[in-house]
Amino acid sequence: MLETSKANGQNFTGSVRLIHAVGMHARPAVKLTKLAKKFKAHISIRASDAAEWTNAKSVAKVMALRAARDSIIEIKASGEDAEAAVAALVNLVATDFPESSP
Amino acid sequence: MQTHSIGLAYRGKTASIGLARGPFVRVDAAPNGKRASGTREDEKLAFRAALDSAGRQIVLLADSADDQAAQILEFQVAFLEDEYFLDPIYAVIHAGAAADTAWSAALDEQIAIYNSAPNEYLRARSSDLADVRDRVLRILRDGVTQVPKVPDGAIVCADDLPPSRFLEIDWSNGGGVALLRGSPTSHVALLARARGVPMVVQLGAVAETAQTALLDGERATLELDPGVDQVQAFARRQQAHRKNRTAAHAILRRPAPFWEGEKIRLLINIQRVEDLEHDHAQFADGIGLMRTEFLLGKDGHMPDEEAQYLAYDAVLRWAGNRPVTIRTFDAGGDKPVPGFTEEGEVNPFLGVRGLRLCLARPDIFSVQLRALARAALHRNLKVMFPMVTNPEELEAARNLFADKVARLQAEGILAKLPELGIMVEVPAAALTIERFGASFFSVGSNDLVQYVTACDRTNGALAQLSDPLHPAVLELIRRVADHGRRSGISVSLCGEMAGDPRCISALLSCGLRELSVNPSALAQVKRTIEGLSRGGPRE
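Residue numbers (my numbering), protein chains in the order written: chain L, 1 to 102; chain D, 1 to 539.
Since the hints were derived computationally from the structure, they do not count as laboratory data. Yeah, the Cβ is synthetic: ideal placement off N, Cα and C, and Gly gets one too. Since no wrong hints were added, every one of them can be taken at face value.
Here are the simulated DSS-like pairs of lysine-lysine, each with C-alpha atoms no more than 27 Å apart in a straight line:
| hint | chain 1 | residue 1 | chain 2 | residue 2 |
| --- | --- | --- | --- | --- |
| 1 | L | LYS40 | L | LYS61 |
| 2 | L | LYS37 | D | LYS44 |
| 3 | L | LYS61 | D | LYS44 |
Stretches of chain L that chain D covers, calculated by requiring three or more beta carbons in the stretch to come under 8 Å of a beta carbon on chain D:
| hint | stretch |
| --- | --- |
| 4 | 25-31 |
| 5 | 55-67 |
Isolated chain L, as found in the complex (with noise of 0.2 Å):
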């Protein structure tokens, strides 16, 4: 479970199942935002059954996603960084936020 997919010229997309127990709890939601604040692109994230996008650089918006165990996380970029960003925050998601990374 897990893609990256460029969706148009400046747009880049991923998706990833959320794996941890406790789904989208503090540690992961601080390390998903710490993360996505080393790129310069515009990062909006999303849980599944969501219609809305919310920012990935905001731990507040992140934890209020309220992502379950098991749901699918879209990650959405669009900027300069695009591409990497994507790759790196659905990598997070996949290992399954480990303690070594940011």
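Fit chain D to the given chain L structure using the hints.
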């Protein structure tokens, strides 16, 4: 009877034993200082300064926090640094709102979202947000830029207490915690027990103000503005408790206690090698439970054989001739380990955990077994498997172990198969204990109580039902002890029950003669048994 003024008395539940007398301090009152708001620019600057100051306070706390508390503090700091969350608040302030009003409204909105969350984990985070909300408000309204000072030795009362508030209080001069709600299984209760701070929870409604308070962690009582009689009675109990503590070493030096003519062996549980530094550890009859989960790396890397061997070797050497029971990895359930435990289990407590997980992951288990097989040259090693349901699991583990021993020997490395036993924590195992070909049994009462009463022990709402003294629990313990006695197999108990003074006579009555407790509980448990055997009730 003389008529003295009698203060208010409340009864709750024990979360941490001990007695404390001191000024009564409510710490959960909403920050209520009035704040004169300034110009828009003043408000923005005040807000920025308050966020910075709150962030610094929290970072300081993280130094003294354990891993779980550190995660929560890290989350709070991330919130304070979340520009995408803060920008709209700045915008509201720019539009003319006072900094405290704007902040409070934004946080309340977040807290409401968490409170309505479907899972308990997220609901619990609402109190972490309320904590950070109030921290910033105290700075804005009350000008508290230092960590708020609680007077020395205070009885700190709150509805509930977030770990961050507990950590910022200086407990070195005594004091205690009285919570209106809370739970003995909460994270802050663990912190209190670890630091020896008395704590009573679930007191219900308590008066808002009082001058002094008496907190008795044993009786689970809180008395406010006590009368002379109350103070005297409390002082006697406190004196007795203090004497007990100072007498701890004397107690520990005495010969083993007896119960109905039989010697009681008291062992210790350790989580990591450093726990042996506790100054009471040397008095133990051995190590009844060495947990090994600490060896499972935080970074997702599994420990290599050598690192494990060195840890086991250090503990076995420390113990000398005394027995050391090392439990193989007990991951899963409430102890997820990235890269090891199963992901996506609907009910991890009934899932692939303990020995089930180890048998499913021979790659990781084999490394541990090799390290243990080498350490087994110390003759005092016993190895125990957790979460065993059927004898076939024990035999599968034994076969794997024997295979590792044979391979090591083939490689020219000295190795040996140690004595193998099981934890008895699954009711099915307790009910059919005679089917297991184990060299010893150790009752894991925490999980046993949980599985027998069908109560999640971390769920405060079930605290009443989750009773270690439930007759069904005692019946199973008796069954295992009886079997051990008949067949000459040693049976010990290593859960929280062993260290709980209320449970000890019941455990001895069930036939247990070996208890394994945290080093800090050793003296208390020994004294409790001495009290029973000298004149206490016998059945």
